[in-house]
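Asker: For reference, the chains in residue letters:
Protein chains: 2
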Amino acid sequence: MLVVAGLGLCGTRDISVGLLREAEDADEIFLETYTSVSPGLRVEDLVSVLGRGVKLVTRKDLEDESARTVLEVAARGKALLLTIGNPLIATTHSSIVVEAAKRGIKVRVLPAPSIIDGIIASTGLHVYKFGRVVSLVFPEDPSLKNYPYTPYSVLKDNVSRGLHTIFLLDIRADEGRYMLFREASELLLRLEERFQENVVDENTLVIGVARATAEDEKVFAGRISEAINADLGNAPHTLIVPGELHDSEIDFLHYKTGRPVEVFKSWNAKVNAKKKQSGTSPTWREP
Amino acid sequence: MLVVAGLGLCGTRDISVGLLREAEDADEIFLETYTSVSPGLRVEDLVSVLGRGVKLVTRKDLEDESARTVLEVAARGKALLLTIGNPLIATTHSSIVVEAAKRGIKVRVLPAPSIIDGIIASTGLHVYKFGRVVSLVFPEDPSLKNYPYTPYSVLKDNVSRGLHTIFLLDIRADEGRYMLFREASELLLRLEERFQENVVDENTLVIGVARATAEDEKVFAGRISEAINADLGNAPHTLIVPGELHDSEIDFLHYKTGRPVEVFKSWNAKVNAKKKQSGTSPTWREP
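Sequence lines, in order, name chains A and B.
Residue 1 is where the first sequence starts when you use this note's numbering, and the numbers rise one by one after that.
Residue 1 is where the second sequence starts when you use this note's numbering, and the numbers rise one by one after that.
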């Protein structure tokens, strides 16, 4: 049997009763830490909470070797594969599940809080107001000539509908590189220069969430021109360009960031103007 | 201090180490079960896992009375408010956090797996492919004359972009009414009759997830004309109208539901035709 289980957002805090039970009789426990980053996660703490040793697996182990070691254990007993956040968010994990199923191995997936849950808990943003989520990767070339259009286009599309856009920021754990909120803010401004479709300007409101829900989480709200200098501390960071904010979202952000309610209200006016300009059909119509 | 913590998706399985720690020194533990439903959750099991008694709170306690009892405990000591799924998904919870903050009470929010995490774990659908999430409520009048346009319009918008649409189905725990997948399927067909914008037909592919990630979860994939007769057992259920499916999503759904890969491939062809028809701008463009 293969059990894929999530560790959630920070350290050992989100480890569930169900995961502890699975760990008890697992033949081997594997830990994958290259697709995501968990603030405060130390292998020795994990070992102490689980009461068991864990084996670190690399990208090579899981992708190039088709997770051979993990599946061999799963074929003859029970392998527990631990991932940060919610499992299957990385396509690597979903491929392993399919591979196991093909070999007739039973699979169980245990959910855990994802970064989306963390953002909701840390910002009070409504789940119904999120547009498509998108990743922002480090530019390969400084000119952005070959930079993917997708993040910019998703933002444009979401803004025109008044929806929030979550940017998941690049994590290259094997290289020790983690995109920070201020770098992401700068990148968005540069994408505007590159594509010039009037999606971002220096007054664009951005929300930065660092180490969502952790003891030392930081939530920033302000203009992108301020955000490029904001120091939110260590990774992981997330950047959100909000759409139209509901009154209760505004109340929450005001409480969380200390920013005056007016900042969010004037942003709403701007989003509304963009919605009208783009001629998006209303999401509510009188019957 | 007010601690709002999620119980996750089913029974006591997703209770976290962090939540157990918070429960130890809480002055009072409150449980709210009217905004959501957790299969297999029994108060006696919860009490046994927490090693503490819990007090059930009703909608009236939290909404009409402005959570007075909870905040009184929080003001003089530590109140732990337990919610199903991830906290703050219900706006009630976010209002309580704001209310506590206004009164100068410290707040901590502990994340937990939400139904979105459950869907990802149970279906292998990619988080990047979700469009806006929407709720489907029970019709007040059989003619659907005053039924909200939003769910239909969100689906139309997502389909035209090739994105997946998650329908969160109505839960009226206080009345013991839970919308089932087959009822939701029927309602979608009736919304098509009502609004007639060619969004749904009897060949529309729908995915039904019942009791996501629980031991007895069921995942269904098939035409909506079959779905209206599909019995997936007890609530909670979720309905997804997929957009364009990635190869790895198809592999996963094939493994999970046993449906031939061709079912999903021909659905992709249909989604693609709709995307072209609606003239949605591509989300990728050559630089």
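One or more hints might be untrue.
Heads up, simulated EDC-like pairs for lysine to aspartate or glutamate below, C-alpha to C-alpha not over 20 Å straight-line [unchecked claim]: (1) A:129 - B:170; (2) B:102 - A:192; (3) A:102 - B:247; (4) B:106 - B:72; (5) A:274 - A:192; (6) A:106 - B:72; (7) A:78 - B:192; (8) B:106 - A:24; (9) B:145 - B:197; (10) B:275 - B:170; (11) A:78 - A:140; (12) A:102 - B:262; (13) A:55 - A:24; (14) A:270 - A:201; (15) A:145 - A:217; (16) B:106 - A:192; (17) B:129 - A:27; (18) B:274 - B:192; (19) B:106 - A:215; (20) A:276 - A:244; (21) B:78 - A:215; (22) A:275 - A:216; (23) A:102 - A:140; (24) B:55 - B:44; (25) A:106 - B:202; (26) A:106 - B:192; (27) B:102 - A:247.
What the hints contain is simulated information worked out from the structure, not anything from laboratory work.
All values derive from a computational prediction rather than experimental measurement.
Asker: Is residue 78 of chain A close enough to residue 140 of chain A, meaning Cα to Cα at most 20 Å?
Answerer: With Cα atoms ~41 Å apart, residue 78 of chain A and residue 140 of chain A exceed 20 Å; violated.
Asker: Measure nothing beyond the straight line between the CA atoms of residue 276 of chain A and residue 244 of chain A; if it is 20 Å or shorter, mark the hint as holding.
Answerer: holds, 12 Å
Asker: Given the hint that residue 78 of chain B pairs with residue 215 of chain A, test it: the Cα-Cα distance must not exceed 20 Å.
Answerer: Judged against 20 Å, a Cα distance of about 17 Å means the pair holds.
Asker: Does the structure keep residue 145 of chain B and residue 197 of chain B at a Cα separation of 20 Å or less?
Answerer: The given pair, whose Cα atoms are some 16 Å apart, holds under the 20 Å limit.
Asker: With the threshold set at 20 Å, check whether the alpha-carbon distance from residue 275 of chain B to residue 170 of chain B stays at or below it.
Answerer: violated, 29 Å
Asker: Going straight from one Cα to the other, do residue 129 of chain B and residue 27 of chain A come out at no more than 20 Å?
Answerer: Distance of about 35 Å is beyond 20 Å: violated.
Asker: Holds or violated: are the alpha carbons of residue 106 of chain A and residue 202 of chain B at most 20 Å from each other?
Answerer: It is violated: about 34 Å lies between the C-alpha atoms, which goes past 20 Å.
Asker: Between the alpha carbons of residue 102 of chain A and residue 247 of chain B, is the straight-line distance 20 Å or under?
Answerer: holds, 15 Å
Asker: Quick one, are residue 106 of chain A and residue 72 of chain B close enough, alpha carbons at most 20 Å?
Answerer: violated, 49 Å
Asker: Does residue 192 of chain B sit within 20 Å of residue 106 of chain A, going by the straight-line distance between their CA atoms?
Answerer: violated, 40 Å
Asker: Is the straight-line distance between the alpha-carbon of residue 129 of chain A and that of residue 170 of chain B 20 Å or less?
Answerer: Within the cut-off at roughly 18 Å; holds.
Asker: Residue 106 of chain B and residue 192 of chain A: Cα distance at most 20 Å?
Answerer: Violated, because 40 Å separates the two Cα atoms, which is more than 20 Å.
Hint compliance for this structure: hints 2, 6, 7, 8, 10, 11, 15, 16, 17, 22, 23, 25 and 26 are broken, all remaining hints hold.
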